[in-house]
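**Student:** Note that the protein sequences, when read in sequence, are chains G and V.
Heads up, the first sequence stops at 161 in the working numbering, and the numbers go up one at a time, no gaps.
Heads up, the second sequence stops at 1379 in the working numbering, and the numbers go up one at a time, no gaps.
Derived from the structure by calculation, the hints contain no laboratory data.
Incorrect hints may appear among the rest.
[To be verified] Label-pair restraints from in silico Cβ distances:
| id | chain 1 | residue 1 | chain 2 | residue 2 | range |
| --- | --- | --- | --- | --- | --- |
| 1 | G | Arg90 | V | Lys1176 | 21 to 31 Å |
| 2 | V | Val1017 | G | Arg90 | 15 to 25 Å |
| 3 | G | Thr119 | V | Pro1298 | 48 to 58 Å |
| 4 | G | Pro87 | V | Glu1022 | 50 to 60 Å |
| 5 | V | Gly1092 | G | Ala88 | 21 to 31 Å |
| 6 | V | Ala1181 | G | Glu47 | 50 to 60 Å |
| 7 | V | Ser1106 | G | Lys3 | 51 to 61 Å |
These figures come from a predicted structure and were not determined experimentally.
Positions of the beta carbon are idealized from the N, C-alpha and C atoms, including for glycine.
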Amino acid sequence: MDKQAQLEKRNALLAAIRKVGGDPADLPFWEGCEAGVFLLHRCAKCERHYWPASRCVEHGDEAMHWVEASGRGRVYTYTVLHHAYTPATRDKVPFAIAVVQLEEGPFYHSTVLECAVDTVAVDLPVEAVMMPHESGLTLPLFRPGRVRPGRVRPGRVRPGA
Amino acid sequence: MRGRCAIVGLGITEQGVGLGLEGRELRARAVDLALADAGLPREAIDGYIRAHVEREDLRYMGLSPNFSVSMMTGGATPVFTVIAAQALIESGQAELVACVYGEAQSASAITGKPDIGSYGYGYPTLYGLLGAAATHAFHARRHMHLYGTTSEHLGAVAVTQRNYAVKRPGTLGFGKSLTLAEHQASPMIADPFRRFDCTRNTDGGIAVLVASAERARSLRKKPVYVLGAGTGHNIANWHSGEVFEHHDNIAPAKARAFAQAGMTLADIDMAQLYDPFTISPLMQLEAFGFIKAGQGGPFYAEGGARPDGAMPTNTGGGQLSAYYTTGFTGIAEAVLQLRGEAGEGQLKKAATSLVSGHGMNAGVQNTWAHACMILGNNP
Ligand SMILES: [Zn+2]
C-alpha cells in the first residue's frame, strides 16, 4: 500500500473511533484488530499491560508501547442482558456480555460466540476472533478456547501489581 | 473536624413518577421546604451548591448567595456537597449553604448513543453493553461466584427495604408489600438482576441546609452534626485488577470518616447506603466491615438489616423502595431518624448514622466515586 492509501486508511479508522466515542489514543489497537492481531499497551519498565491506552501507574509515559498479546483469557465476570435498552438491541436480547481477563492481565469487555447465553460462566477459557463491525472498526469477539496449561493465572492480581 | 458543622434544615418535595414538574421547580420547592424547616428566611442562604449542573436556579428562586457552584460525581455528589459545604463554612466563605437536588428523571431515558462522557470508554457499547444495571451486574455475578450469593439473597435485600417503605408515607413503596416469591417471579433485566433488584427513576427534589455547629444550636431544629466524612475512588482497584470485587473503594473513605469522628463501627446505629441495585448495600456492609466478606447474602436473609437486626440499613426503604434522588435519599433518611421524625419507622436507637454515596457510571464497571459521612445528634 502506498503512503497516500495508508494515510487514508488511518484517517478512516480515526473517524470511526471518534464516531463511536472511542479514544484516538487507541488507534494502534484498532489497527491491530484490522490486521488480525490483539495488541495491548505495555510498560517496558515493569511489564504491566494495559487496555485501553494508559500511562503506567508507576512509570507514566516513559516506556509505554503497543505489543502483540495472546488474545486469550478467561471470563472473569459477565451479565446477560434481557431488557432491550435501545431499539438496536431489541432483536438481540437475551445476549451475554463477558468481562474477559486477558492472560496478560487487563480486562476486555466483549461478546462470547459459539456459546449459548446460559453456558457463559466465570472462568470459561476464551480466545479472540476478529470480526468486522458496522461502525467500521474490526472488533475482537471471543469464543471458548483452549488455554495453554499454566498460562492463565488463577489469581486476580495483574503482573507487577 | 468532628461536629463543627451540622445539617439544620431539610426539605423533601413530593417524590414519584411523572409528577409533571420540571427539575428547577422541584429544586425551588425543596429549598423553600428546607428554609421553612430551619425557620430561616430566604436571604440567610449565602452559599448554594447544586448537585449536577446549574445556571438558572438563583434567579428563579430569588436567592442572593455569594456563590453558586455545581458538583457532579454521580450518586456520590450529595455527600460531596455536604463535605464541600463544611469546607466553605470553615474557610469563612459562607454561613448557610444550601445543598440542592431536584430532577424530573422519570421523563428521561437511556439514548443508546455511545458517549465517552458518561461511559468512560466508548468501546463496550459496541457490544451492546449499556446501562448501570449491566455494569453493576458484573460485581453481583463475581460476588455470586466467589461466595455463593444467590438471587434469593438479593431478593432479601429488596424485601427488607420494601418492608421499611411499606410503613413510610410519601415513598413509592408505601402500603405496597413485596414478597420474596414476587421478587423471584419478576422478569430478568440484566442477569442476575430482576426487576425488583433495580431502582426506577423518579422525580423529586431534596435540599439540606448546612451551618456551623454554633449557628445550628441557635436554630429551631435539633442539629444533625457531621461527625466525619471520607472519599475513595475505584480507579485504584481498577489499576490493581480487583475492581469487580469492590463495589466501591471504601477503605480510604472509611478510614478518614471514622478517624475524623473518633468512632468505630460499634458506634454506628444505622446505615444508609447508596442502593441503585440490591447488590449495593450488601457489598457495602461487607466492605465497611459490619459483616465479613461474602456474608452479605445470609446477613440479609436472616434479618440483619431489619429494624431489630445487627445493622438496620436503608431504613426509609432506600432508593430501591422509597424514591431515587441520586444519593440524597440516604441523607434525608438519616436526618429524619436522628431528629426522631421517622414516624412509625423510627428506630429505638438512633444517635448516629453512616451515609454513603456512589456514582459516575463507568461503562466498564459499576461506578467510580464513593463518599461517606457519619451523621450524629451529639457533636
Ligand atoms: Zn511501569
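**Student:** Are there hints from earlier that the structure breaks, and if so, what are their numbers?
**Tutor:** 3, 4 and 5
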